[in-house]
Amino acid sequence: MLLSPARRVRTRPSIVVLVRRHPAARRSVCLGDTGHHGGGDDWHFPLVGPAFLAALAAAVDVDRRRRDSSSSSSSSSPPSYLARCEGTPRSSSSSSPAAPPNASSARLTRRMTIRHDGNYADLISDGKRVGDPFPLAPTWNREVMGPHGIPSRAEQVRRLKSRGMGTTTNGGGGATPPNLPPSTIVPYYDVLVIGGGATGAGIAFDAVTRTDAVTGEPSSLNVACIERGDFSSETSSRSTKLIWAGIKYLASASAALISWDLLTNPMRTINDFYGEFMMVFNCHQERRYMLEKQSHLTNWIPIVCPFTEWHIWPPPFGHWLFSFFPILAPAVFKFYDGLSGFTCPPSYVMGPSSSRIKFPQLNEKDIKYCAVFYEGQHNDARTNIAIALSAAERGADIANYVEMTSAIFDEDGRISGVRALDRVTGEAFEIRARNVIFAGGPFTDALRQKEDGTSRPVAPSVSGASGTHIVLPGYYAPPDMGLLDYNTSDGRFLFFLPWQGSVIVGTTDKKGPAETLPYPPEEEIQWMLKECEKYLSRDLKVRRSDVLSAWRGWRPLASDPNAPPGGQISRDHVISTNPRTGTTFVAGGKWTTWREMAQDVLDGVLGKGRTRCNTLDIVLHGGEGYSKSLSIQLIQKYGLTPDVAEHLVRTYGGRVWELLANAKPTGKQWPRYGHKLVSNYPYIEEEVRYACREYACTIEDILSRRTRLAFLNSEAALEALPRVADIMAEELGWSRKVKRVQIEAARAYLESYGGRVPVEDDLTVRLPTLGDAKDIFREMDRDRSGRISIKEIKDFAQRLGQPLEEERVKAIFESMDKDRDGKVNAEDFMEWFSNDETKKGIRDYFRQKTIQIFKEIDIDNTGYLDERKIKDISIQLGHHLPDKKIKAIFKEMDVNKSGKVDVEHFIAWMDKDIDKTGFRKMLSASMGLGGTGWLDSKAGSFLG
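For the sequence shown, our numbering gives the first residue as 50, with consecutive numbering after it.
For the record, the hints were derived by calculation from the structure and aren't laboratory data.
Backbone N, C-alpha and C fix where the C-beta goes; we use that ideal spot for every residue, glycine too.
Among the hints, a few may not be true.
Unchecked claim - 20 Å max Cα-Cα, derived SDA-like pairs, lysine to any residue:
| no. | residue 1 | residue 2 |
| --- | --- | --- |
| 1 | 786 | 771 |
| 2 | 859 | 884 |
| 3 | 342 | 394 |
| 4 | 583 | 366 |
| 5 | 918 | 932 |
| 6 | 560 | 876 |
| 7 | 559 | 879 |
| 8 | 786 | 796 |
| 9 | 946 | 919 |
| 10 | 559 | 823 |
| 11 | 840 | 869 |
| 12 | 918 | 905 |
| 13 | 843 | 826 |
| 14 | 920 | 952 |
| 15 | 918 | 952 |
| 16 | 970 | 923 |
| 17 | 383 | 370 |
| 18 | 949 | 917 |
| 19 | 383 | 373 |
Claimed, not checked - Quick list of simulated restraints, FRET-style, between CB atoms:
| no. | residue 1 | residue 2 | range |
| --- | --- | --- | --- |
| 20 | 372 | 847 | 33 to 43 Å |
| 21 | 538 | 676 | 41 to 51 Å |
| 22 | 872 | 305 | 12 to 22 Å |
| 23 | 498 | 681 | 49 to 59 Å |
| 24 | 951 | 590 | 23 to 33 Å |
Assemble the whole structure, with the sequences as input and the hints as a guide.
Rendered as C-alpha cells:
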C-alpha cells in the first residue's frame with residue numbers, strides 16, 4: 050500500500066515516473082531515495098514531491114537520453130532504408146548490430162507498428178529518424194505526360210541527370226548525359242534548390258523568370274529544384290490557410306516598445322520595434338500581391354474579434370496597454386488596414402444584434418460588440434503546387450521525390466553539386482551546380498548535416514515550433530466569416546476559420562524537433578476544444594467526436610550560425626552562406642512572404658543589381674483563363690454540381706478545361722459529369738488522373754494535397770483510398786504488388802492524422818496553464834530578480850521537502866538554460882515547462898499515481914471497485930459519507946452500469962472535468978496527486 054490508513058493524509062506522497070524507451074534499453078529516472086518497486090525489466094524508482102518534481106525528472110532523463118544516443122550512434126549505424134526495401138547489399142558497418150533508435154524514432158515506430166500489422170509497418174522500423182521522409186518503396190511509375198506546356202516528371206528527372214555524372218562516360222572522365230553523344234557538353238546549373246516547399250519552389254520560379262538588370266533580356270539561368278517528398282508535403286501544406294499580415298507581431302512589437310526597455314536600452318528597443326514593424330509592413334505588401342495578382346488561388350475572409358468586457362485583466366501579451374484593447378480595437382484595425390494602403394476590404398464593428406445575425410454561433414449573452422477585420426485565405430498545398438508548376442512551365446527542371454543524399458565538392462572544398470536519389474525508381478545520380486541553396490524549412494539543419502558529411506553535429510540554425518490544427522464540421526461557423534481569440538488561456542492566438550466547407554481551429558505553438566508525420570498530440574486537441582467553448586453559444590456543444598481531422602506542422606524559427614555570437618531567433622527569414630563551402634540556406638519567414646524570401650536569397654546569391662526579379666508581374670499557374678464566372682461556364686457545359694464546379698475553379702483556375710477534357714459521363718441526368726470520390730465532398734475521379742500528370746506519385750499525395758480530403762476528414766480519406774488506388778494503378782501502370790504496398794503506405798500515413806477517436810491510448814492530463822507556470826517561476830525566484838539560478842532550483846526542491854543531488858540540479862538547470870548564459874528568465878522557464886519531455890513527466894506521474902490510488906482502494910486485488918470499496922476508502926480518509934452520496938459517486942464511475950469499475954474506467958473518471966460529488970477532489974488531495982491544480986481549475990496553491 051502507498052500509505053498506512055493512519056498516515057495517508059499527513060505524509061507526502063511518492064511519485065513514480067517510468068520513461069518508456071526502446072525495448073532493449075528500458076530504464077527509469079530517480080529523484081530522491083532509490084528503491085526497487087517492480088519486477089521484470091522495468092525499473093521503478095520512487096520520486097518524492099508534487100507533480101512539479103515529475104517535470105524535473107523528465108528534464109534529467111532528457112539530458113541522459115542525449116548522452117546515451119550520442120554514445121550509441123558512434124558505435125554502429127542502422128542499414129539504409131533502400132537496403133531494407135530493395136535487398137541491396139548493406140555497407141560494411143551494417144554487419145554489426147543496429148543501434149537502438151533514439152527516443153524520437155522509437156516513438157514514431159511504436160505508433161506505426163502498433164497500428165499496422167501488415168508488411169508496410171516493417172519498412173518503418175529501427176533506424177528511421179523522426180525527421181526522415183516518410184518511406185517510399187520504389188513504384189517505377191509509368192511515364193505520363195505533364196500538363197499542357199510542362200514536361201512530365203520523368204522528363205524532368207532525365208534533365209536533372211544530364212547535369213551530373215551520367216550512367217556512361219566519355220572516356221575523359223567528364224560528365225556525359227544519358228542519350229547524348231560523348232562530345233556533348235551540358236553546363237552546370239546556375240542555381241540548384243534543395244526543397245520544394247513554398248520557399249524552395251518560389252526560388253526556382255523567381256530564378257527562371259529573371260531578366261538582365263541592364264538590358265532587360267531574359268537571364269537564361271539554368272535552374273533546378275528537387276524535393277525529397279511531394280511538393281508542400283511538410284510545413285507548406287499544414288498552415289492555418291491564411292495569407293495574413295501579422296497583426297499579432299504588430300501587437301507584440303508595440304508591447305516591447307512601450308516597456309522599461311525603452312528607458313534602459315532605448316536604441317536596441319527602437320531597432321527591434323522597427324525591424325518587427327517593417328516585417329509586418331512587408332507582409333501587407335506581399336498579401337496584396339497574392340490577393341490581387343493570384344485571385345484564382347486566394348480570397349478575402351472577414352474575421353470577427355468578439356469582446357465580452359471593456360477591460361481585460363490579465364492583459365493580452367502581458368502588457369497593461371492591451372488591457373484596453375476592447376476600446377482601442379476599432380482604431381487598431383483601421384491602422385492595420387492603412388498599412389496595406391487601404392487596398393483590403395475595410396474593417397468595421399458589429400453590435401450585439403448584428404453579431405447574432407452574421408455569426409449566430411456566438412454566445413449572444415456576453416457579447417458587448419465585435420470588431421471585424423480582413424485577412425487573405427488560400428489552399429496552401431495548391432498554391433505551392435501552382436508555384437512549382439509555374440517554375441516548370443518557365444523552364445526550371447523541378448521534380449518531387451528526388452532526395453539529396455550528400456554534397457559534392459571541388460578541389461577547393463567549394464560545393465559543386467549534390468548526389469541525389471530518385472525515390473520513385475531507386476536510381477542514384479549526381480547533379481552539378483554553381484550555386485546550391487537549401488530551403489528545407491524546419492529540416493534545414495538536416496540538409497546542412499548532409500553537406501557537412503561528418504558525424505559531428507552542425508551548429509543549429511533552425512528550431513522548430515509545432516502548430517496543431519483541428520477540423521470541425523461546417524456548422525460551427527458561418528461559411529464566410531471566421532473568428533479570432535486573441536487572449537487564450539495561455540496567451541496564444543487561436544483562429545476559428547471556415548475552409549472548404551469545414552471549420553479549422555488553430556494553432557498551437559510549441560517548441561520541438563520537426564517530424565515528418567502530421568501526428569497531433571491529443572492534449573493540444575483537447576486544449577483547443579476547451580478554448581472553442583469560450584465564445585460559442587451554450588446551445589452548441591463542442592464534442593471530441595466532432596473532430597473530423599487534426600494535424601501538426603512545424604514552423605522554422607531561424608538564426609544565422611555563420612553570424613557573430615548572439616544572433617537572435619527570428620520569425621522573419623534568415624539567409625546565410627557557409628563561408629567554407631559556399632552553400633546558402635534560407636529559413637524562417639511565413640507563407641505570406643514566400644515571394645519576398647525567394648527574391649532576397651537570389652539577390653544575395655546572384656549579386657544584387659545583376660539580375661531583376663519579375664515575380665510581382667507574373668500570374669501563377671492556372672491564372673490564365675480564370676474568371677469569376679468560370680464555375681457557371683463549367684455547370685453549363687458539363688452539368689457539374691455547383692459545389693464541384695466551384696471547387697475545381699478555385700483549385701485549378703483556367704486549367705480546369707484541361708482537367709475535364711477527357712471526363713467520363715456519369716450516365717445520370719444530373720450531374721452529367723463528375724464521379725465523386727466520396728460523398729459530401731466535391732473531389733472527383735478526374736482530379737486523380739490529372740494529378741498524375743501534375744507529378745503526383747503516391748496515393749497519399751492525392752488524398753492529402755491534390756485533394757485535401759485527409760486534412761478535412763481523415764475517415765473520409767480512408768474511405769476514398771481504394772478507389773484512388775485503382776485509378777492511380779491504371780494511370781501509372783502499377784503491378785499488384787506495388788499497388789498493395791502503396792495502399793499500406795497510404796493507410797499508415799493517413800492514420801497519423803487525428804480524427805474522431807483519440808490516437809493516444811493514455812490519460813489525457815489537463816496540463817498547467819501559462820498562469821500556473823508563472824506562479825511556479827515566481828515561487829522559485831525568491832530574490833525577485835526575474836531570473837532563477839541553480840541555487841534557487843535547489844532551494845525550491847528543499848522547500849518541497851525533497852532535496853536533489855547537485856548533479857541533478859545542474860542537469861535540470863542546463864535543460865532550462867537554452868542560451869547557456871548561466872541565467873534562466875521567465876521566458877526560458879515557460880518554454881522548458883511547456884516542452885514535450887516536461888509534459889511527459891507530468892503525464893506519466895498522473896497515470897501512475899491514479900493506478901496506485903486504484904490499487905489502494907482495491908484492497909482485495911480483484912481488479913474492480915464497487916460501492917463497498919468506495920465507502921471503505923472514504924471512511925479510512927476520515928470522510929463518513931452517506932450511502933446516497935456513495936451511490937452517486939459510484940454512478941459517476943460506472944459508465945457501463947455493470948456494478949463494477951475497472952482501472953481504465955477509474956482513470957477516465959479521474960480525468961473528467963466535472964466533479965459533482967467532490968470525491969475526485971478529495972482523493973487527489975488526500976492520496977498523493979499533489980493538490981487539484983493539475984486536474985481541475987486552479988483553487989488555492991498550485992502546488993497543493
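Now for the hints, and whether the structure bears them out:
1. 786 <-> 771: holds, 14 Å
2. 859 <-> 884: holds, 18 Å
3. 342 <-> 394: Holds, because 16 Å separates the two Cα atoms, which is no more than 20 Å.
4. 583 <-> 366: holds, 19 Å
5. 918 <-> 932: holds, 12 Å
6. 560 <-> 876: With Cα atoms ~12 Å apart, residue 560 and residue 876 stay inside 20 Å; holds.
7. 559 <-> 879: holds, 11 Å
8. 786 <-> 796: holds, 15 Å
9. 946 <-> 919: It holds: about 16 Å lies between the C-alpha atoms, which stays within 20 Å.
10. 559 <-> 823: Satisfied, since the Cα-Cα distance of roughly 17 Å is no more than 20 Å.
11. 840 <-> 869: holds, 16 Å
12. 918 <-> 905: Roughly 10 Å separates the two Cα atoms, so the pair holds.
13. 843 <-> 826: holds, 13 Å
14. 920 <-> 952: holds, 17 Å
15. 918 <-> 952: holds, 14 Å
16. 970 <-> 923: Between residue 970 and residue 923 the Cα gap is close to 12 Å, so the pair holds against 20 Å.
17. 383 <-> 370: holds, 18 Å
18. 949 <-> 917: The given pair, whose Cα atoms are some 11 Å apart, holds under the 20 Å limit.
19. 383 <-> 373: The hint holds at about 16 Å.
20. 372 <-> 847: 33 to 43 Å: This hint holds: roughly 37 Å between Cβ atoms.
21. 538 <-> 676: 41 to 51 Å: holds, 46 Å
22. 872 <-> 305: 12 to 22 Å: For residue 872 and residue 305 the Cβ distance comes to about 19 Å; the hint holds.
23. 498 <-> 681: 49 to 59 Å: With a Cβ separation near 53 Å, residue 498 and residue 681 satisfy 49 to 59 Å, so the hint holds.
24. 951 <-> 590: 23 to 33 Å: Given a distance of about 28 Å, which is inside 23 to 33 Å, the answer is holds.
Comparing the model with each earlier hint shows no violations; every hint is respected.
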